Amino acid sequence: MKKRSIVPYGPQHPVLPEPIHLDLVIEDEKIVEAIPSIGFIHRGLESLVQKRDFNQMVYVAERVCGICSFGHGFGYCEAIEDIMDVEVPDRAKYLRTIWFELSRMHSHFLWLGLLADGFGFENLFYQCWRIREKILDVLELTTGGRVIFSVNKVGGVIKDITPEMAGAVLDMIHSVKKELDVIVPAFMQDYSVVSRLKGVGVLTKQQAHDLGCAGPFARASGIGSDMRKLGYAAYGDIDFDVVTSTEGDSYARCDVRIREIYQSINIIRQAIEKLPEGEIAVAVKGNPQGESFIRIEQPRGEAIYYVSANGSPHLDRMRVRTPTFANLAGLCETLKGADYADVGLLILTIDPCISCTER
Amino acid sequence: MAVMKFIPEALKNLFRQPVTTSYPFEPAEYPERARGHIEITIDDCIGCGMCTRACPLGALKVDKNEGTWEIDRFDCVVCGYCVEKCPKKCLRTAPGYQEPEPGKTSQLYKKSEEALRLEAEKKAEAARKAAEAKAAMEAKKKAEQSSAEA
Numbered sequence: 539m540k541k542r543s544i545v546p547y548g549p550q551h552p553v554l555p556e557p558i559h560l561d562l563v564i565e566d567e568k569i570v571e572a573i574p575s576i577g578f579i580h581r582g583l584e585s586l587v588q589k590r591d592f593n594q595m596v597y598v599a600e601r602v603c604g605i606c607s608f609g610h611g612f613g614y615c616e617a618i619e620d621i622m623d624v625e626v627p628d629r630a631k632y633l634r635t636i637w638f639e640l641s642r643m644h645s646h647f648l649w650l651g652l653l654a655d656g657f658g659f660e661n662l663f664y665q666c667w668r669i670r671e672k673i674l675d676v677l678e679l680t681t682g683g684r685v686i687f688s689v690n691k692v693g694g695v696i697k698d699i700t701p702e703m704a705g706a707v708l709d710m711i712h713s714v715k716k717e718l719d720v721i722v723p724a725f726m727q728d729y730s731v732v733s734r735l736k737g738v739g740v741l742t743k744q745q746a747h748d749l750g751c752a753g754p755f756a757r758a759s760g761i762g763s764d765m766r767k768l769g770y771a772a773y774g775d776i777d778f779d780v781v782t783s784t785e786g787d788s789y790a791r792c793d794v795r796i797r798e799i800y801q802s803i804n805i806i807r808q809a810i811e812k813l814p815e816g817e818i819a820v821a822v823k824g825n826p827q828g829e830s831f832i833r834i835e836q837p838r839g840e841a842i843y844y845v846s847a848n849g850s851p852h853l854d855r856m857r858v859r860t861p862t863f864a865n866l867a868g869l870c871e872t873l874k875g876a877d878y879a880d881v882g883l884l885i886l887t888i889d890p891c892i893s894c895t896e897r
Numbered sequence: 068m069a070v071m072k073f074i075p076e077a078l079k080n081l082f083r084q085p086v087t088t089s090y091p092f093e094p095a096e097y098p099e100r101a102r103g104h105i106e107i108t109i110d111d112c113i114g115c116g117m118c119t120r121a122c123p124l125g126a127l128k129v130d131k132n133e134g135t136w137e138i139d140r141f142d143c144v145v146c147g148y149c150v151e152k153c154p155k156k157c158l159r160t161a162p163g164y165q166e167p168e169p170g171k172t173s174q175l176y177k178k179s180e181e182a183l184r185l186e187a188e189k190k191a192e193a194a195r196k197a198a199e200a201k202a203a204m205e206a207k208k209k210a211e212q213s214s215a216e217a
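Protein chains in written order, with this note's numbering: chain A, 539 to 897; chain B, 68 to 217.
Bound-form chain A, shown alone (with noise of 0.2 Å):
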């Protein structure tokens, strides 16, 4: 048997944007076996729920990632409207999507640019970044917030988008799509970095399907499992297909990723072409009781809100679990066999979300 050691792998390493612990197991520079710990930036907020009331919490769910942080906002208010039968007025329905996909816009840029700077791609790096400062600035222009919207509340949204704001978007989706259009290439067909992707990590159907992965790491093995496909929000009225590609590797994620960000302006183009007239929230008295149990498609994938209220203002508990959680066992299934230098970029493949995990 050939000599094994173990390296630890973070929380503080360069390419880790946010804080995991691996220990890698390692025969020469090949991984035998990856076991994750986290548990570094646990601050409690589930447990707020018992001390803040179900309004206030929508500040404090909101706060649980801040990239994500519009999914989360967004699917806890889902689950108290759900409890409170709130029906919610179609224009909010619509301002949430709007909202929703820049976001996941913004998330995937973001994760290009992460990718890039993780295969020491510098350039191609800030060029994603500077395109995703765009998004940032559309969504401050309509939401007064960069990275936390507080845009959500329970019965619908606080602000409106109005049309002189729709068109910016309309022009800024214009714009980015452009952009896109030039770095796209430099993904997906250049040299060096297609070698640093292809046939790397590769999990395939079966495996993602057992292990439970979620969003597009599962994606891109094959699993076409898309929870905007389930119609909250305005997403049963809007045309898209989930995107899917089968190969399982690297190269994949990275494709089913740009290829999601040109559906997300797809998705936006739509809504605001349908964006209906009308209130954007409704009153809601009283307080929540009963349980619910929310599915919605974050950035990252498939992310489930538990809520269970006894009729006071303070909720019994509250549950998140979030895509990336899911996507670790996939993570070290991936890293098994994968060379010592390839690490970082497959922990990004999952576009880990340490804050959202461990809450």
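I should point out that these hints are in silico values taken from the structure, not numbers from a laboratory. Bear in mind the structure is a predicted one, so any value in this text is a computation, not a measurement. Some hints here could point you the wrong way.
To be verified - Once the Cα atoms are required to be at most 27 Å apart in a straight line, the calculated DSS-like pairs of lysine-lysine come out as:
id, chain 1, residue 1, chain 2, residue 2
1, A, Lys697, A, Lys823
2, B, Lys171, A, Lys589
3, B, Lys178, B, Lys196
4, B, Lys190, B, Lys131
5, B, Lys152, A, Lys697
6, B, Lys171, A, Lys823
7, B, Lys178, B, Lys156
8, A, Lys823, B, Lys190
9, B, Lys171, B, Lys152
10, A, Lys715, A, Lys672
11, B, Lys156, B, Lys128
12, A, Lys540, A, Lys812
13, B, Lys131, A, Lys589
14, A, Lys716, B, Lys79
15, B, Lys178, B, Lys155
16, A, Lys672, B, Lys156
17, B, Lys152, A, Lys823
18, A, Lys736, A, Lys715
19, A, Lys874, A, Lys743
20, A, Lys541, A, Lys874
21, B, Lys189, B, Lys171
22, A, Lys715, B, Lys79
23, A, Lys697, B, Lys155
24, B, Lys128, B, Lys152
25, B, Lys177, B, Lys156
26, B, Lys128, B, Lys189
27, A, Lys697, B, Lys156
28, B, Lys156, B, Lys131
29, A, Lys589, B, Lys152
30, B, Lys79, B, Lys131
31, A, Lys589, B, Lys128
32, A, Lys568, A, Lys540
33, B, Lys128, B, Lys178
34, A, Lys812, A, Lys715
Since the structure of chain A is already known, use the hints to place chain B on it.
Chain B only, in chain A's frame:
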């Protein structure tokens, strides 16, 4: 396989203007909706304390008798829930972020003398009216009693 697909785009950057602004030498531009900090029109405040109860951080303090409104800007995350809850709409979010300070201090807003005087007058007026109404009520009761006795 294409080699160096990105070279033309990278070379263009040599001749482009920088996309960043050289803040703080150039002022930063914020859109109108930017949630930078909370502002108050203190003279419109009725001291109801809705904002204090709404604040998820507990960053606000209101004293109705003194006519003061206090905010700890280092606790405030500018979520805007107090703005949402304020019945008099005297709170609003405004662009411009909190500047750094050596210590964690709170800012106190006090109603102007004019507003306090007006409020006191209104209170006195209301008290006078209430007293009058009470007196009228008592007189009416007395009259009813005497008529019943007669």
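Q.
Would the hint linking A/Lys812 and A/Lys715 be met if the CA-CA limit is 27 Å?
A. Roughly 21 Å separates the two Cα atoms, so the pair holds.
Q: Measure nothing beyond the straight line between the CA atoms of B/Lys156 and B/Lys128; if it is 27 Å or shorter, mark the hint as holding.
A: holds, 17 Å
Q.
What's the verdict on A/Lys540 and A/Lys812, does the C-alpha distance respect the 27 Å limit or exceed it?
A. Not OK: A/Lys540 and A/Lys812 at ~63 Å, beyond 27 Å, violated.
**Q.** Restraint check for A/Lys697 with B/Lys155, where alpha carbons must lie at most 27 Å apart
**A.** This hinted pair holds, its Cα atoms lying about 19 Å apart.
(Q) Just to be careful, I want the Cα atoms of B/Lys178 and B/Lys196 compared with a cutoff of 27 Å; is the pair within it? (A) holds, 25 Å
(Q) So if I understand the rule, the pair passes when the alpha-carbon distance is 27 Å or less; does B/Lys131 with A/Lys589 pass? (A) Since the Cα atoms of B/Lys131 and A/Lys589 sit roughly 26 Å apart, the hinted pair holds (cutoff 27 Å).
Q. Keeping to a limit of 27 Å between CA atoms, is the pair of A/Lys697 and A/Lys823 held or broken?
A. holds, 20 Å
Q.
Hinted pair, alpha-carbon criterion (27 Å max): A/Lys874, A/Lys743. Please report holds or violated.
A. holds, 16 Å
Q.
Does B/Lys131 sit within 27 Å of B/Lys156, going by the straight-line distance between their CA atoms?
A. holds, 17 Å
Q. Within 27 Å, alpha carbon to alpha carbon, are A/Lys589 and B/Lys128?
A. holds, 19 Å
**Q.** Restraint check for B/Lys152 with A/Lys823, where alpha carbons must lie at most 27 Å apart
**A.** Distance of about 14 Å is within 27 Å: holds.
Q.
Tell me if the straight-line CA distance from B/Lys178 to B/Lys156 falls inside 27 Å.
A. Holds - the C-alpha atoms of B/Lys156 and B/Lys178 are around 16 Å apart, at most 27 Å.
Violation of the numbered hints given earlier is confined to hints 6, 8, 12, 16, 21 and 30; the remaining hints are satisfied by the structure.
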